[in-house]
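2 protein chains.
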Amino acid sequence: MKTVSENTCFGGTQGVYSHDSTATGTEMTFGLFLPEETKDGPVPILWYLSGLTCTHENAMTKAGAQAWAAEQGIAICFPDTSPRGEGVANDDAYDLGQGAGFYVNATQDPWTPHFNMWDYVAEELPALLGENFNIDMDRQGITGHSMGGHGALTLAMNLPGRYRSVSAFSPIANPSQSDWGRKQLSAYLGDDETSWAKHDASLLMADKGFDGPVLIDQGADDQFLDLLKPEALAQAMAAKRQDGIFRMQKGYDHSYFFVASFMEDHVNFHAEALWA
Amino acid sequence: MKTVSENTCFGGTQGVYSHDSTATGTEMTFGLFLPEETKDGPVPILWYLSGLTCTHENAMTKAGAQAWAAEQGIAICFPDTSPRGEGVANDDAYDLGQGAGFYVNATQDPWTPHFNMWDYVAEELPALLGENFNIDMDRQGITGHSMGGHGALTLAMNLPGRYRSVSAFSPIANPSQSDWGRKQLSAYLGDDETSWAKHDASLLMADKGFDGPVLIDQGADDQFLDLLKPEALAQAMAAKRQDGIFRMQKGYDHSYFFVASFMEDHVNFHAEALWA
Numbered sequence: 001m002k003t004v005s006e007n008t009c010f011g012g013t014q015g016v017y018s019h020d021s022t023a024t025g026t027e028m029t030f031g032l033f034l035p036e037e038t039k040d041g042p043v044p045i046l047w048y049l050s051g052l053t054c055t056h057e058n059a060m061t062k063a064g065a066q067a068w069a070a071e072q073g074i075a076i077c078f079p080d081t082s083p084r085g086e087g088v089a090n091d092d093a094y095d096l097g098q099g100a101g102f103y104v105n106a107t108q109d110p111w112t113p114h115f116n117m118w119d120y121v122a123e124e125l126p127a128l129l130g131e132n133f134n135i136d137m138d139r140q141g142i143t144g145h146s147m148g149g150h151g152a153l154t155l156a157m158n159l160p161g162r163y164r165s166v167s168a169f170s171p172i173a174n175p176s177q178s179d180w181g182r183k184q185l186s187a188y189l190g191d192d193e194t195s196w197a198k199h200d201a202s203l204l205m206a207d208k209g210f211d212g213p214v215l216i217d218q219g220a221d222d223q224f225l226d227l228l229k230p231e232a233l234a235q236a237m238a239a240k241r242q243d244g245i246f247r248m249q250k251g252y253d254h255s256y257f258f259v260a261s262f263m264e265d266h267v268n269f270h271a272e273a274l275w276a
Numbered sequence: 001m002k003t004v005s006e007n008t009c010f011g012g013t014q015g016v017y018s019h020d021s022t023a024t025g026t027e028m029t030f031g032l033f034l035p036e037e038t039k040d041g042p043v044p045i046l047w048y049l050s051g052l053t054c055t056h057e058n059a060m061t062k063a064g065a066q067a068w069a070a071e072q073g074i075a076i077c078f079p080d081t082s083p084r085g086e087g088v089a090n091d092d093a094y095d096l097g098q099g100a101g102f103y104v105n106a107t108q109d110p111w112t113p114h115f116n117m118w119d120y121v122a123e124e125l126p127a128l129l130g131e132n133f134n135i136d137m138d139r140q141g142i143t144g145h146s147m148g149g150h151g152a153l154t155l156a157m158n159l160p161g162r163y164r165s166v167s168a169f170s171p172i173a174n175p176s177q178s179d180w181g182r183k184q185l186s187a188y189l190g191d192d193e194t195s196w197a198k199h200d201a202s203l204l205m206a207d208k209g210f211d212g213p214v215l216i217d218q219g220a221d222d223q224f225l226d227l228l229k230p231e232a233l234a235q236a237m238a239a240k241r242q243d244g245i246f247r248m249q250k251g252y253d254h255s256y257f258f259v260a261s262f263m264e265d266h267v268n269f270h271a272e273a274l275w276a
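Top line first, the protein sequences correspond to chains A and B.
If you're matching positions, the first sequence starts at 1 in our numbering and goes up one per residue.
If you're matching positions, the second sequence starts at 1 in our numbering and goes up one per residue.
These are calculated hints, taken from the structure and not from any lab test.
Because the structure is a prediction, the values reported are computed rather than measured.
Be a bit skeptical, because a hint or two may be false.
Which copy is meant is left open, so a pair is good if it fits within one copy or across any two.
[Said to hold, decoys possible] As a list, the in silico DMTMM-like pairs of lysine to aspartate or glutamate whose alpha-carbon atoms are at most 25 Å apart:
#: 1; residue 1: Lys208; residue 2: Asp191
#: 2; residue 1: Lys183; residue 2: Asp253
#: 3; residue 1: Lys240; residue 2: Asp265
#: 4; residue 1: Lys250; residue 2: Asp265
#: 5; residue 1: Lys250; residue 2: Asp138
#: 6; residue 1: Lys240; residue 2: Asp226
#: 7; residue 1: Lys39; residue 2: Asp92
#: 8; residue 1: Lys208; residue 2: Glu71
#: 9; residue 1: Lys183; residue 2: Glu272
#: 10; residue 1: Lys250; residue 2: Glu264
#: 11; residue 1: Lys2; residue 2: Glu193
#: 12; residue 1: Lys2; residue 2: Asp119
#: 13; residue 1: Lys198; residue 2: Glu27
#: 14; residue 1: Lys2; residue 2: Glu124
#: 15; residue 1: Lys250; residue 2: Asp20
#: 16; residue 1: Lys2; residue 2: Glu272
#: 17; residue 1: Lys208; residue 2: Asp221
#: 18; residue 1: Lys208; residue 2: Asp253
#: 19; residue 1: Lys2; residue 2: Asp40
#: 20; residue 1: Lys240; residue 2: Asp253
Work the whole structure out from these sequences, hints included.
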């Protein structure tokens, strides 16, 4: 593991690190905020998964999360959204290939050798953090924005016991029924839609739900509402009697101005579960 | 108008009053909490509509609303749920007739002469309060529980501009598709289901929505979930991009212990809109 940068931030450290990933077969980069309290003992961790076109950097610089994480004494990790680099498959479209890993393990060519973001986020990166930082891996929460909200919700529901809480900002909520999803799931997983179900938050919610609290924020003026399909998730949460809150936020769009506006609520929501 | 009782309560007055109603052709009784501030000038008002089998008294004594209304300086009115008395039609079932007015104007015998709770709550009682108490009728909010949540939501969406905010505790959310609804709407309004649409919160939400904020609380362990159908309302709110919050509250049932637990949130939610 290599230190790319470390900056003091709200009394803690905002670091960027890179490492050779077994899961993706590439060098991967991630951001990690550690609060001051990590000097005294292991701290809980909140995962923040980013959306289409993002790297590890977007939320780390624009979401304002460190202020609240510092206040709550929890770490936040910002993984990248896909493998990258020469020799890694890509597509001209912004929503497929590099920057658009969709948090799945690809089974189809040309994606299969590198696009294993599920294993990377669920297994490899947590193990790496546990070995190298003073983090309590028994206290994990997960959130994300857009494609990252999809990732957070699908990881949380597929790995019961792993995360104590899950939240999302304007998640891609029903990708098996959306142009943000059908194209990518078909490309990465093939045309057998039965393999897609574990990567659709609304289907998972209807089937399994989540064994902990859920918080969803969606901007009412989001320019991508037709692609995100929040109503499918809202319906599934209510029908499942899921412990959770779904908030439609008047006037907000899909941007990081929206994410930043409600970051305090999300960090505090996770902190309550992580410190319980 | 006759004063039945007045009790000092959180610095204000909890009153019970009765009057001869034109809308129902009966004597009607209501509860009214007035905060201390009503002595200095007109105060906003929050309507609380009650559920099946309730009178004006249940919420007035069990919901703990006065504490928060006093803190916020707003009045709360607790109407009865139907006309009552000898000569008023009734049914052996708890969910039809007296105690079960469903906030409609009946068009069918034997209900039509007295069961006009829509006109009573929407028109006659507000006019009476405006004449007799120091209340600012330009600042109204409305809430309710179960059948009363149904009443609050349907009144609010059918009378745009009347209420600044609407909330509900475990409302009967989709009565045209529920045994809490089909029986009563058929009895009061007849079998032509087109006349039912304005009395179904989920259909109204899909069609009109509400021009203001909405807050819904639903207990996840509510024993009547199959009758309440919260998922229909959650879906409609999200699909409409309604400014609002839908909360599924883990561990709570349909009782007033649930209502009381979240009353502070609802009063504060309305107060914010009413004092804006």
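Against the structure, the hints come out as follows:
| no. | hint | verdict |
| --- | --- | --- |
| 1 | Lys208 with Asp191 | within (23 Å within a copy, 39 Å between copies) |
| 2 | Lys183 with Asp253 | within (24 Å within a copy, 42 Å between copies) |
| 3 | Lys240 with Asp265 | both (24 Å within a copy, 24 Å between copies) |
| 4 | Lys250 with Asp265 | both (16 Å within a copy, 19 Å between copies) |
| 5 | Lys250 with Asp138 | between (36 Å within a copy, 23 Å between copies) |
| 6 | Lys240 with Asp226 | both (23 Å within a copy, 12 Å between copies) |
| 7 | Lys39 with Asp92 | neither (45 Å within a copy, 69 Å between copies) |
| 8 | Lys208 with Glu71 | neither (33 Å within a copy, 42 Å between copies) |
| 9 | Lys183 with Glu272 | neither (37 Å within a copy, 44 Å between copies) |
| 10 | Lys250 with Glu264 | both (17 Å within a copy, 22 Å between copies) |
| 11 | Lys2 with Glu193 | neither (39 Å within a copy, 68 Å between copies) |
| 12 | Lys2 with Asp119 | within (21 Å within a copy, 72 Å between copies) |
| 13 | Lys198 with Glu27 | neither (27 Å within a copy, 60 Å between copies) |
| 14 | Lys2 with Glu124 | within (16 Å within a copy, 74 Å between copies) |
| 15 | Lys250 with Asp20 | neither (43 Å within a copy, 43 Å between copies) |
| 16 | Lys2 with Glu272 | neither (32 Å within a copy, 51 Å between copies) |
| 17 | Lys208 with Asp221 | between (30 Å within a copy, 17 Å between copies) |
| 18 | Lys208 with Asp253 | between (30 Å within a copy, 22 Å between copies) |
| 19 | Lys2 with Asp40 | within (24 Å within a copy, 68 Å between copies) |
| 20 | Lys240 with Asp253 | between (28 Å within a copy, 15 Å between copies) |
Hint violations for this structure: numbers 7, 8, 9, 11, 13, 15, 16, all remaining hints satisfied.
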